[in-house]
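Residue numbers (this note's numbering), protein chains in the order written: chain A, 1 to 364; chain B, 1 to 364; chain C, 1 to 364.
Just so you know, the hints here were simulated from the structure itself, not pulled from any lab data.
Hints are supplied without guarantee of correctness; some may be wrong.
Since copy identity is lost for identical chains, a pair holds within one copy or between any two.
[Stated by the list, open to error] Derived DSS-like pairs: lysine-lysine, alpha-carbon spacing no greater than 27 Å straight-line: (1) Lys6 <-> Lys34; (2) Lys348 <-> Lys338; (3) Lys45 <-> Lys6; (4) Lys115 <-> Lys329; (5) Lys348 <-> Lys205.
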Amino acid sequence: MSYYVKDIAAALGAGFEGDGDFQVSTVAEPAHAKPDQIALATSPKYAEELSLGNAEVAVLWTGADWQSYDLKAAIFAPRPRYALSRMSVMMDPGQGYELGIHPQAYIDPTTKIGKNVTIGPFSYVGAQVVIGDDTIIAAQVHIGSNSQIGKGAYLREGVKIGARVTIGTGFIAQPGAVVGSDGFSFATEDVSGVENVRKTLGDQKGAVKDQVWTRTHSLASVTIGNDVELGANSCVDCGTVRDTVIGNSVKCDNLVHIGHNVTIGDNCLICGQVGIAGSSRIGRNVVFAGQTGVSDNIFVGDNVIAGGATKIFTNVPAGRVILGYPAVKMERHIEMFKALRRLPRLFKEVAELQKNVLNPRGKK
Amino acid sequence: MSYYVKDIAAALGAGFEGDGDFQVSTVAEPAHAKPDQIALATSPKYAEELSLGNAEVAVLWTGADWQSYDLKAAIFAPRPRYALSRMSVMMDPGQGYELGIHPQAYIDPTTKIGKNVTIGPFSYVGAQVVIGDDTIIAAQVHIGSNSQIGKGAYLREGVKIGARVTIGTGFIAQPGAVVGSDGFSFATEDVSGVENVRKTLGDQKGAVKDQVWTRTHSLASVTIGNDVELGANSCVDCGTVRDTVIGNSVKCDNLVHIGHNVTIGDNCLICGQVGIAGSSRIGRNVVFAGQTGVSDNIFVGDNVIAGGATKIFTNVPAGRVILGYPAVKMERHIEMFKALRRLPRLFKEVAELQKNVLNPRGKK
Amino acid sequence: MSYYVKDIAAALGAGFEGDGDFQVSTVAEPAHAKPDQIALATSPKYAEELSLGNAEVAVLWTGADWQSYDLKAAIFAPRPRYALSRMSVMMDPGQGYELGIHPQAYIDPTTKIGKNVTIGPFSYVGAQVVIGDDTIIAAQVHIGSNSQIGKGAYLREGVKIGARVTIGTGFIAQPGAVVGSDGFSFATEDVSGVENVRKTLGDQKGAVKDQVWTRTHSLASVTIGNDVELGANSCVDCGTVRDTVIGNSVKCDNLVHIGHNVTIGDNCLICGQVGIAGSSRIGRNVVFAGQTGVSDNIFVGDNVIAGGATKIFTNVPAGRVILGYPAVKMERHIEMFKALRRLPRLFKEVAELQKNVLNPRGKK
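My request is simple: use the sequences and hints to build the entire structure.
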């Protein structure tokens, strides 16, 4: 498929100069661009590499002297990352799934399927499921009984959705993502060592006995808002008594773990391998960088940003920027780490002081 | 399905007052309860919210004045978490799988299947497999050749079990869990940089050459005890020469990684995203909070409790409560972290001392 | 299947003494060995346990007095780990997959399949896929359209490969591994709080607004070299404009996350639960121990070794051995940690000094 430069510019809400009727098939980096590709050269540094490739058109920065790069046309993007995002929507080649409902899918006769739905081979759709219009379900997907999937969903191969899950419109799930696994919730008949440690911060109290774990089954399920994306092999557990809730426009990366009863507000960005333990409540617009961990029953306020691998054990007020294990304000973490780096030297300085103070005249 | 208040109380081993013949269908939080739900209001704080919902019966704490909450009946639970656990077993609505062996499953003719077994569509059962009575195998599950699954197992959609795996009774595996992946074990013909670093703690020794990794295949498999649960997308690797072993009543959460040759004692609780590297031995009743990591060839004694994201590089004696990266006793971690927070101030104090000691009269 | 001692020795490139025509079926630990197993007793400590088992032949260390252990034959391995690796290749019992293309697989008619290929039940092979000779594809595997798999691949149950993926020869993927999930790349129309935090290291700047995330679709795919292995439930994302690249002989363990646009050089060893965020570039012969994290857009030089749970936020020069959060040189980490352990004592010493200096005569 190909695209006119003028149409790309319009899609970006950007201006262009030169031959708007030039056509390209996709995007490339300047040095590797072929003649039918538009090069992404959004700074002078990248533009220098145009001469290494064969692009005839490029996306440049506002005010660039496009003709100096021997191009036939140029688009001027005020915000390159955003421009790439818009172009990528236009030019996505897709996964090449065969459309329609495949005869090798298993579909319960009580299922209600909307218009223009694709269901791939070896996919399973349980009883009383409702699937919205324009949904694409790849091969080997599982949708459990009584679940509802909103319009325009896109479930890639091997996605597994359990029973009674409710999902809004525009849902995207990457391969192997799981929604509706049972919560991990175990109780002991007597007070357990873990409960004592939480109170005492370090003492299990008394003679330790064998623990017999009684399972708390998940009676509730998962509710997911509109425009949510889940990464490959991510997992969202069911709630115990009320649903685990993921708000609108939440984006989760690969291998993310969301425990039972968790609630996540709108517009959160949850990066790779983040784990949120049971019953924690996350506000709106929160960003968790990769490998962040949130303890159970924690409250994280709106607009919090946690840097990579932050470990959150206590509540975090709205708007805070945090880092570290355990999490502290990012500025404080940087200050503490700088001090820690200089700590071995401090020991020497104190030893020197002790020598001077306790033996000031150098007596032996 | 509905349940009499008197039967719920009996199941909990708890007393009740009021109308024992009142029926409910499930549990709810006080503020959201409908008239056919029993509200969980196990402290005065929660009980205040009963007026916001429509519950007519509730689980309250021992000694509560139940009639003051305008209820028709109340159950008195001495230990709320445990009560919820017992109720949840009663009221679990299940996944709604169609029972019986589905014609779209692939089952090798040499398989021995017990009584009352369900196998869902697109599931694969290899040669010489033995499946115990009363087992439920959902859709898209894989059971490799010569594996044995004990009675009463419950394998959710997309669970993957490899060859020669032995599993006890009452096994539960959440969607996408993997048992019997090959161990991650690679050797180099010459001593590798990693081996030198382990000896020297920091020096790769000598000129670094390209590493050619020779794969050690897994000749053994996995043995799992009774009443074990594995979380969604968790992975348990095969052993090299003898089986990887998981004891009885071990509970693993989502995205847990258990390496080759690992042995885990009875009753351990292994939370989300924990990783245990190859050949480590974990005692009984051990609790690893989320994102804990255990290095390879480590020994962790009975009853150890590791807080969130603890990183264990050395052996841990029985009964210890640990935290941190690297792991230390939890009390010590808290003490060290408090000191670290005050460290920037210590630098100022030492500078002040130096000024006083080295230039005591303020000379210039 | 059984193997002559003389053939095992030849395969190891090792010498043997005694009855080279003795046959064994597999390997065992000394204490558990049966008469048809060769015991692995590569140090005097292990050899002592030979008397507890029933091995008649063993792999011993160079120069061992084999006859003192009452054996019929012994092989002398100069490097035990490597010897086990070579033996394991010989004796791997495999997964017992039924060979050939199963009628319950879905194979697009445009697919090109090499000689001697196995494809298991419920596997899906999309349009225009090319599969090399001698490849084994287990049950429930997915291979997306236009992907190419080199000769001798081994894809276990539930592996999911997306569209346009290119893979070299000898590829191994453990159960549930995902290649070609969409990259996790989201932009905001205006500068986001995260972008400000990255500049200021702690300040989101100005009033925080709701974030509207615009998705950047992945236009490119994944290119994987020869002799690569991916662990169970690991994930490799597609590139945005050019492919994510994994070099030759890279070995990844379970639950590893490799983000979009990442490039990984030859011979890297990437252990369990490691995460590499988008656009980072990893050199050759790099070793990341378990739970290591690499921030996005980072450069890690050749031959770097990162210890367990290292968190890498900044570029790492070639050859460095690192540890910690954030990563520092391993020696420096050990030094800093030792100082931190002694820090509470330092506070006391400084307080003592202050008392002496500021109130030298003990005045009140």
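Under a CA distance limit of 27 Å, which applies to lysine 6 and lysine 34: within one copy, between copies, both, or neither? within (19 Å within a copy, 58 Å between copies)
Using 27 Å as the alpha-carbon threshold, which applies to lysine 115 and lysine 329: within, between, both, or neither?
neither (50 Å within a copy, 59 Å between copies)
Alpha-carbon proximity between lysine 348 and lysine 205, which holds within one copy, between copies, both or neither at 27 Å
neither (40 Å within a copy, 30 Å between copies)
At 27 Å max between alpha carbons, let me know whether lysine 348 reaches lysine 338 within a copy, between copies, both or neither. Both. Shortest intra-copy (17 Å) and inter-copy (14 Å) distances satisfy the 27 Å Cα cut-off.
How would you classify lysine 45 and lysine 6 at a CA-CA limit of 27 Å: within, between, both, or neither? Close inside one copy (25 Å), not across copies (63 Å); limit 27 Å.
Hints 4 and 5 from the list above are not met by this structure, while the remaining hints are.
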